[in-house]
Amino acid sequence: MNLYEYTAAQLRDMLKKHKVSSKELTQAVLKRIGNVENKVHAYVTIDADRALAMAEAADKRIKSGNAGPLTGIPIAVKDNMCVKGQRTTCGSKILNNFIPPYDATVVGLLKEAGMVILGSANMDEFAMGSSTETSYWGPTKNPWDLERIPGGSSGGSAAAVAAGEAILALGSDTGGSIRLPAAFCGVTGMKPTYGAVSRYGLVAYASSLDQIGPLCSDAVDAALLLDLILGHDPKDSTSAPRSYEPCVNYLNKSVNGLTLGIPKEFFNKLDNPETSTAIEDAKSEYEKLGVKFVELSLPHVDYGIAAYYVIAPSEASSNLARYDGVKYGLRARDFGGMIDMYCQTRAEGFGDEVKRRIMLGTYALSSGYYDAYYLKAAKIRTLITQDFHNAFNNCDAIFCPTAPSPAFKIGEKMNDPIQMYLTDVFTIPVNMAGLPGISIQAGLSSDGLPIGMQLIAPHFEETRLILLASAFQQVTDHHTKKASL
Amino acid sequence: MKITHAEVDYVAILGRLALDEEEKARYQSQLDDILKYMDLLAEVSTEDVEPMAGPIELYTPLREDVSEQSLPIEVALSNAPDPYESHFRVPKVIE
Amino acid sequence: MEYEAVIGLEVHAQLQTNSKAFCSCSTKFGSKPNHNTCPICQGMPGVLPVLNKKALEFTVRMAVACNCAINEISRFARKNYYYPDLPKNYQISQYELPVAEHGWVDIAIGDQSRRIGITRIHMEEDAGKLIHDDKRPVSYVDLNRTGSPLIEIVSEPEIRTSEEAAAYLRHLRAILMYLNICDGNMEEGSFRCDANVSLRPKSESKLGVKAEVKNMNSFRNVQRALDYEIERQTAELTAGGRIIQETRLFDPAAGVTSSMRSKEQAHDYRYFPDPDLPPLRIPPELIEKVKSEAPELPSQKKERFINELGIPPYDAGVLTVSRQLAEYFERVVELFPHPKQVGNWIMTEFLRAMKGTEEPDLTCCPVSPEQLADMLKLIENGAISGKIAKTVFEEMFATGKSASEIIKAKGLTQVSDAGAITEIINKILDDNPAELEKYLGGKVQLKGFFVGQIMKASKGKANPGLVNKMLDEELKKRAC
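Top line first, the protein sequences correspond to chains E, Z and H.
To convert, take the position in the first sequence, counting from 1, and add 3; that gives the numbering used here.
With the first letter of the second sequence counted as 1, position 9 gets the number 8 in the numbering used here; the numbers rise by one all the way through.
To convert, take the position in the third sequence, counting from 1, and add 6; that gives the numbering used here.
Hints in this document: simulated from the structure, not taken from any laboratory.
Yeah, the Cβ is synthetic: ideal placement off N, Cα and C, and Gly gets one too.
Beta-carbon label-pair distances, calculated as ranges: (1) Glu294(H) x Gly293(E): 49 to 57 Å; (2) Asn397(E) x Lys212(H): 55 to 63 Å; (3) Lys87(E) x Asp19(Z): 34 to 42 Å; (4) Lys34(H) x Leu488(E): 51 to 59 Å; (5) Ser211(H) x Asn271(E): 55 to 63 Å; (6) Leu488(E) x Asp19(Z): 35 to 43 Å; (7) Val297(E) x Val48(Z): 25 to 33 Å; (8) Pro50(Z) x His235(E): 23 to 31 Å; (9) Lys91(Z) x Lys212(H): 35 to 43 Å; (10) Ile293(H) x Val48(Z): 26 to 34 Å; (11) Thr369(H) x Gly88(E): 44 to 52 Å; (12) Asp19(Z) x Gly247(H): 36 to 44 Å; (13) Asn24(H) x His392(E): 37 to 45 Å.
Let the hints inform the model, and build the full structure from the sequences given.
The following block contains the structure:
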């Protein structure tokens, strides 16, 4: 087995026992990147020199005996997390030369833990997309089928893990951007509770929805990475001032007696037979473990997408106003005067989907439309959240597919925004309510494409998701299947 | 049409996006589709429903009033497209 | 038709905190351009705001001083507009739920008191500065001020004249300075004001179309701008025209306001709650703390000066314009408990020496309250005359020396020695026989002439009370 095929947990043990050095591991991953990156295109920026230097430092730390659980493990971060001194573009031309003079809080945590940062993973421009096709740097391919999209917007992070181009990755999830690519690339990905991971240094798309989380091979690795990144950050006013129980305490535990809720609104929409079968099989596995299932209703989730596409673009239209060619980033070459400089810079620097969402959000907030769109959507968000809270009175977590179908072909939905938006139908409501959600591998389609299932828990119950995912992965082998490249 | 050509113009200038006629027509038709989809929202009765203040219950935290070192000037301007003598230079702003 | 002006004022006051509203950069004025910036106030990607506790406390102080109702829960909102001095191209402000609402202040217009309603007080962040190049078509952006904490105080449209507007502004400024939360410097822009002006027929209650007037950076300019604007609107309406809702800039050199066309194509600020800042809860303990620590406000001080110290209302008004001056006065009174006399001195000699503008800067006053009190004591015990005291005071002011030092060095001690005075009196009477004769013949007003001559001969040092008394005695003697 190649080094890049091991999980972080396995590698941690090998590093600890000095069976391998972080440098050897990092070299193996860099070599893998060298071999497959031209096919997958998981990265925007790779910094091999820095990675090797970090690996050497990690080896020293391991030798001196003060290594943490993730010291020396190579990781990819999504290109929307600021890495001090390294170009961070958010998948956009408008930031193609932006070098942050600061680290995102999560990046700081990775560095403190002695992890090896390989580089920045490709993504939909400003995280706006479900396929990683809107990246200025070109699409990332799904390692399971290079003609298909990896999901988005954290497609680079998911593909890097699936292709062995990173052991672990960080993604961000605003409407499904971790869980959807996790499902499409056959990896485990979690969006934690809103406020559980610091957003400081995460380039904002929609501030009330964005959340950083792990993409990795299995629940064990997810637990390791979550235990590093969950925590209060005084630099983020929306960060919850609380402490977190270690997720690793919830591995390999019994789920006997737990109840999973099946929201009928989600299952009614499921018309892909292979996804249905995979989800049914997963349900049977859980039943064997003593898990009970109850059907329940989330009456307002059907309005989730419409409300999301008001709120997220509204916030985005304001968040993205700062890209104006004055302080950093691109400035158009030809313009006539100040206002035209703004308009030309933004026209040149932003791609089609970003412009569309800026237009939509600007419209929804503009005079005369605010009440009908933004305010209405914010109220519906309250109703969706109440639905989930009510549901959790009758179950410990909610169980559903991550996506309506497996990964689609590159270009298939690019000219139909609404079809693209509907890909996130099962994931968006979770962001609307700020809940934690995990996507794990449920099986493969007849075409050999991964199918994901999603578990959703009440606020700050990340440990419950780890418990459920880990129990499932103990008795199944879907998560061990690898894409053949 | 849920959104007029004039509204597309208006929104483009509010959002500071230079769009050509072809783009405007395309965005108009796409935004129209999206806004039609959003008619769904009107189906929901939201009487007496508070708009969501935030995904989790939280109040704005307060920071002590302590001033800290700012960025060194060369770092502060390191990403500037057109720095000039410790300033960001821009086309003339007409008051 | 007779029109009435309806004026509402929006005051922006920069809070004197050490660090900015949402980041830890210094708020120090006068640093080199862009030297007080960080990723947060530069609006770099991914950065987040964290509110300055002091800024909130200061806002609550002002809200309490203006008798406002404080909202237990308020919200920050984004005001979206593009301008190069606003790095995020939105300003963190408050919209639907400000910190405080429904307050009032009582202002004095002559000897009348007027209550002006305060609509709201909210917190927001300041923008940076633009410097325009004279020769080339470029501007320069300085973000040092960006993100400094401001409060905006919005009045009800209850102000009717430019005098009332100026009095209201002076009053707010004095409160801010008494509360120690704003330096009140209008030229440096830490106290700024915009006005909404409209006219309506006198009997009418419906509001007319308003113009917003900006760029008035002194009290005098506020009055001039409002007078001009009222006149302009009156002329427009009288001529059958109508007022356009617009923003107008005051040009202090020309003394006129003019339309600020096309600064932006549209004013559509698209306010919405800032998702980076959860609801702001103002703990009742903070409000209690602020109330218990509230200093005496100018109006309260003025009342006390009038009622307890017997200071005339006008003087009490002047003495309480600034907290510094009022405290100076009170300190002198503490050491020399004759408030009226102290008041007179401060109102006349002292303020004249301080270059007598309405608000002297006492931080650079060379005469300490202790020194002034000592000098007043010297007048009281007859060591110097009131007239000499004026000279002594000028000297104190110029040199910073104490009164007794100056008196000693210049030999200005008052002559209260009866023998010496008798000698001078006799000499003067003897030297002016003709005048003496006339006096004795009934022309009693010539006494003033003798006093003058005696004081002159004593080089002003003779105790005038004593001179009068002894001269009367001597004249009586000679009449016999």
